[in-house]
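For the numbering used here, add 228 to where a residue sits in the sequence shown, where the first one is 1.
Since the hints were derived computationally from the structure, they do not count as laboratory data.
Straight-line distance between alpha carbons at most 30 angstroms, and here's what the computed DSS-like set of lysine-lysine pairs gives:
1. LYS312 to LYS262
2. LYS262 to LYS250
3. LYS258 to LYS313
4. LYS313 to LYS262
5. LYS258 to LYS275
6. LYS313 to LYS250
7. LYS312 to LYS255
8. LYS312 to LYS250
9. LYS275 to LYS255
10. LYS313 to LYS255
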Amino acid sequence: MAKYKEEKSLIPQLHYLEGDYKLVPGKVVKIDGKDANQLTVTGPSGKPSVEYYDVNTGLLLRSEVTSDMQGQSIQVQTSFSDYKKVGDLLLNQSQTMTITAPRVVRK
229 MAKYKEEKSL IPQLHYLEGD YKLVPGKVVK IDGKDANQLT VTGPSGKPSV EYYDVNTGLL
289 LRSEVTSDMQ GQSIQVQTSF SDYKKVGDLL LNQSQTMTIT APRVVRK
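Start from the sequences, fold in the hints, and give me the full structure.
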């Protein structure tokens, strides 16, 4: 719930340059066969996430964040695709979330 309190709108990227966010550009990596610019975003809560933007289109391809759930650290990777024009905006029509939790072995 705390994550949503720091997001100011449906499109949080619109507020990245207002001063509450720290942005650190990274390297160019391959995401689903496309070159993507890596951007580490730290919001007002101090929790970092990593976003990947298509080099050619500037569209968000993937975001990655690590969260704590019941004392365990989990990684949530969200892939964005199927962008369609809605008014003056290009909005993704498909999101795929992959959640990676620690492996628990009981003997």
